[in-house]
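Novice: Residue numbering for the sequence shown is -20 to -1, 1 to 144, as defined by mature numbering (1 follows the signal peptide of the UniProt record, and there is no 0).
No lab work stands behind these hints: they were computed from the structure. Among the hints, erroneous ones may be present.
Quick list of the computed label-pair ranges, beta carbon to beta carbon [what the hints assert, rightly or not]: (1) Thr143 - Lys36: 18 to 24 angstroms; (2) Gln39 - Glu86: 22 to 28 angstroms; (3) Gly124 - Leu13: 17 to 23 angstroms; (4) Gly87 - Met63: 29 to 35 angstroms; (5) Ala27 - Ile97: 35 to 41 angstroms; (6) Thr143 - Ala55: 24 to 30 angstroms; (7) Asn18 - Ala68: 17 to 23 angstroms; (8) Ala27 - Ser123: 20 to 26 angstroms; (9) Gly122 - Gln39: 35 to 41 angstroms; (10) Arg109 - Leu69: 29 to 35 angstroms.
Mimicking SDA-like on lysine to any residue, the simulated pairs with C-alpha atoms at most 20 angstroms apart in a straight line are [claimed, not checked]: (11) Lys74 - Gln46; (12) Lys36 - Trp14; (13) Lys29 - Gln83; (14) Lys74 - Arg85; (15) Lys74 - Arg133.
Where a beta carbon is used, it is the ideal one built from N, C-alpha and C, also for glycine.
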Amino acid sequence: MTFLSIAFAVFLVGFASVSGAGCKPNCPKCPPLWTFYNGHCYRFSGAAKNFNEAEKDCQGYVQLGQGHLVSITSAGEEELMYMVLESALGTVSKDIWTGMTDQAREGTFIWTDGTEISYTNWATNQPSRSGSSTDCVCMRSGSGWNDVSCTTRMPYICKMLSTK
């Protein structure tokens, strides 16, 4: 090898080390057009679908066996959802589906991805009283979460685990 070949090889190795300096070998990854946050990937869909159609669409984004309507576990994650919405639409004044529902058992809300409910941000007088036909939960900008009819059509955000 010539001196220039060796010098170039050393440069490439050094560049590769520096360009990946902020990331360990198993960096979390999200597919293109998805947003990474705290070990998960998020993607907004502007297509207005009912709850079950939106959940089915999110399950189509299977990565490591996961893909569901968004489960929200903290105020920070909820804020991120509003930022994703604003980035996609230029506004946050839109209702969007979350993955919370009590379709299986009235009054017992669950996340479709099985995540434990550890955070909520219900609007005043929500959720509606038991026995109503409002079994699916959406985020309403500025007023919190609301349970509405699952047949309502609105945009949604999908969530899945990032890969390593």
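Novice: Now tell me if each hint is right for this structure.
Specialist: Now for the hints, and whether the structure bears them out:
no. : hint                               : verdict
1   : Thr143 - Lys36: 18 to 24 angstroms : holds (22 angstroms)
2   : Gln39 - Glu86: 22 to 28 angstroms  : holds (24 angstroms)
3   : Gly124 - Leu13: 17 to 23 angstroms : violated (28 angstroms)
4   : Gly87 - Met63: 29 to 35 angstroms  : holds (32 angstroms)
5   : Ala27 - Ile97: 35 to 41 angstroms  : violated (26 angstroms)
6   : Thr143 - Ala55: 24 to 30 angstroms : holds (26 angstroms)
7   : Asn18 - Ala68: 17 to 23 angstroms  : holds (20 angstroms)
8   : Ala27 - Ser123: 20 to 26 angstroms : holds (24 angstroms)
9   : Gly122 - Gln39: 35 to 41 angstroms : violated (30 angstroms)
10  : Arg109 - Leu69: 29 to 35 angstroms : holds (32 angstroms)
11  : Lys74 - Gln46                      : violated (26 angstroms)
12  : Lys36 - Trp14                      : holds (18 angstroms)
13  : Lys29 - Gln83                      : holds (17 angstroms)
14  : Lys74 - Arg85                      : violated (28 angstroms)
15  : Lys74 - Arg133                     : holds (12 angstroms)
The structure is inconsistent with the numbered hints 3, 5, 9, 11 and 14, although it conforms to all the rest.
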